[in-house]
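Engineer: I would like the entire structure built from these sequences, with the hints used as guidance.
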Amino acid sequence: MQRLGFWPKAQGQPEVAAELIHREGELQRELGELQRQLAVRRDPERALREMRKQRMKDAREKREVTKREQARLRFERAQAWHARRASHVGYLGPGVSAALHAADGDTKPRRTRERVAPDLARLALHGLPALMSADQLAAAMGVSVAELRFLSFHREVARTHHYHSFTLPKKTGGERLISAPMPRLKRAQYWVLDNVLGKVAAHDAAHGFLAGRSIVSNARPHVGQDVVINLDVKDFFPSIAFGRIKGVFRHLGYGEAMATIFALLCSENRAQAWQVDGEHLFVGGKARERVLPQGAPTSPMLTNLLCRRMDRRLMGLATQLGFAYTRYADDLTFSASGEAARDNVGKLLSRVRWILRDEGFTPHPDKERVMRKGRRQEVTGLVVNGSAPGVSRQTRRRLRAALHRASQHQLVAASASTSLPHWQGQTAQPSQLLGLAQFVHQIDSTQGCSLLAQAQQLMRSPVDRANDALLAASRQDKEAMAMGTFRVQAAAGKAPARAGGKDWWQPAERPAPVLEQTDQQRREARQLARREALAPIRPAAASSSSTTRQADDAPLTFDEAPSQGKPGSRPAGKLGTYWTQMLICFVMGSVFHNRLITIFAMVMVIALYHLRRQRWDLFMGALVVATMLGFLVRPMF
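For the record, in the sequence shown the residue sitting at position 545 is 545 according to the UniProt record's numbering, with numbers rising by one throughout.
Accuracy of the hints is not assured; some may be wrong.
[Unchecked claim] Calculated lysine-lysine pairs in the DSBU-like style (CA-CA distance at most 30 Å, straight line): (1) Lys373 with Lys234; (2) Lys367 with Lys171; (3) Lys367 with Lys170; (4) Lys67 with Lys57; (5) Lys234 with Lys170.
[Claimed, not checked] Quick list of the computed label-pair ranges, beta carbon to beta carbon: (6) Pro507 with Arg60: 41 to 47 Å; (7) Arg42 with Arg74: 46 to 52 Å; (8) Arg46 with Ala18: 35 to 41 Å.
The set of hints was computed from the structure by calculation and includes no laboratory data. No residue lacks a Cβ here, since even glycine has one placed at the ideal position from N, Cα and C.
Structural biologist: Here it is as C-alpha cells:
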C-alpha cells in the first residue's frame, strides 16, 4: 500500500480497531442468516420443515423453562415447610389441630384474635413463663420440636402408648386403674408441674397434694364437731375430659395453641391393646374423649386448679349454713355444731349435690356418710371425735397384733405352727409394719410411741440390719445427688441421667428437601460427568496424535500389505462392497445381453461410491433404473 501510495511511509503497519473486527463478524453472521433464510424461502417445503423445527425447538425450550420454574417453586415450598416444621408443631392429630393455627395471620377478625391470644397480664400475675409458640416451649423444656410433637400427638390408632396402665386393689373392693407415664412424657409433665401448675395457688379448702398440707390438716377443722359429713366424687380423675384440662391453661392466661399443647401433654387417650397380624396396636378414642390420667404427676395439681371455683362455691355455701368445709382430692368433708348441725344437714346435702353436678361431677351415692357425735367420726381415715385427729383404735389393735405375730415368727424361726403377719389380706413385711407404725407416730406421738419401738425391734435381725445399712447408704446417696434427681433435672429443662449413662433417644429429623432436576438437567449432568471422566485421557490422546503427525511427516514406505494404501484411501470393507456391486452390474448386463445396462449400472455404482452412499437398498434401486435405461436406449443404437 505504501509502494502504490495508499498508505504514508512514515506510519507503521495499520491496525484494525477491535470494534471494527467485532462489527464485521456480526455483519457476516447476519449476512449468513439472511442467506439461509433466502435459501429456505426459495423452497416452500424446506421452509415449512424449518418452521416446524423452530416451533418444536421453541416449545421444548419453553417446556424446559416451565419445568425448571415449577421445580424451583416446589423446592421453595418444601424448604419453607421444612423450616416451619423445625419451629412449629403444625399438626397434632384430628380434633385438636385447628386450635394450633387459630391466631395465625392478620386475616382473622379482631375479636377472634383477642379470644385466642395469650393474656400476658394474667400470666405475669401468676408469675408464669410467657410462652407464645411451640419452639419456645420446646426450648424451655430442653427438648426438640420433633420430640414435643411426638409426645403431644393424638392418634386414635397408634403403635406406641405413652402410659403404662395397671390396677391396684381398693380398700372398699374393686380395682383402681393407674396410668403411669413413660419416662419421656414424665419428664415433660414434671416441667409443666414445677414451672406452670406449681406456681398457681390452690384454694384454702384444698389439702390434697400440696406442700405443707396433709390428711392431718384436712381433718383438723372437723375435730370435736356435732356432725361430720363425708361425700365422694364418682370417677373423679376420669370424669375430667380434655376440654376442661385445656380450659385450666386458658384461664391461667395461655393462648389457644399453647393451652392445647399443655392439655395434650397432661391428658391420656385411654386405649386398648390389640394385636393384628403380629403387630401391636393401641386403639383409643377421639380427642374430646381424652381424660386426666390417675398416676401422672400433673393430675393432682390440675384437679386442685380445676376445682377452685367449685371450692369457692362450696365454701360459700358451707359458711352460709354454718359448716366448715375441706377437700382432699375427691373426698369432700363438711362439719358443724349446734343449730346448724341440727337443722341444715338436709339442705346442705341437696345443695352440694346440685353444685357438684353443675361443676361436671357426679356424687358417689354409696360413699355419702353423715356421722353424729355419738358414733365414730372419720375424715380421710383419721378419727376426729377427740381433741385432735388420730388413728382409730381398731387400726392400732390390728397393727399391734401384726407386730406381735411378726415378733413371734422371728422367735420360732419361721416354724410351721406360727402364722405370718398379715395386713389388709396380704402378707406384711417388717419394713411395711415399720412404715405403718411411723404413720401412727406421726399422727399422734403418744399413741404411736410403743408401736414404733416394737416395729423397730423387728428390724434387728442380721438381714434387716443389712437392709438398714443399704437404706441408709441409699438415703445418703439421694441427699448427695438431690440436685441431680429426675424431677429437678426435668424441671430445669435438662435431660435427666439414664441408667448406664446412655443418651435419650431422639426422634429422627426429616431430611432437608432437595431441588428436583429435570430430564434435561440430568442429561447435562451425565454429559458433564463423562467429560470429566475423559479429562485425564485427553493428554494421552494429544500425545498420541502428535506422534501420528510425526509419523505422517516421515517418508512414506510401501510394503505388500493390502491395508496400507495411500493416505485417505477407503477402508477395506467399503472397497469389497464396491467391487461386489461392480461384479453384479457385469452379471446383469450378461444375463440380459445388454452392455448398456452394465455401463449405466457401473456409472451409478461409481457415483454412489463417491457420495458415500453404498447401502444395498440404494444399489438395488440404481440397478433397476440402469436396467430400464438400458432397455429404453438400446433401440436407438
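Engineer: None of the hints should be skipped; say for each whether it holds.
Structural biologist: Quick rundown of the hints versus the structure:
| no. | hint | in the structure |
| --- | --- | --- |
| 1 | Lys373 with Lys234 | holds (27 Å) |
| 2 | Lys367 with Lys171 | holds (13 Å) |
| 3 | Lys367 with Lys170 | holds (13 Å) |
| 4 | Lys67 with Lys57 | holds (15 Å) |
| 5 | Lys234 with Lys170 | holds (14 Å) |
| 6 | Pro507 with Arg60: 41 to 47 Å | holds (45 Å) |
| 7 | Arg42 with Arg74: 46 to 52 Å | holds (48 Å) |
| 8 | Arg46 with Ala18: 35 to 41 Å | holds (38 Å) |
The structure is consistent with each of the numbered hints, conforming to all of them.
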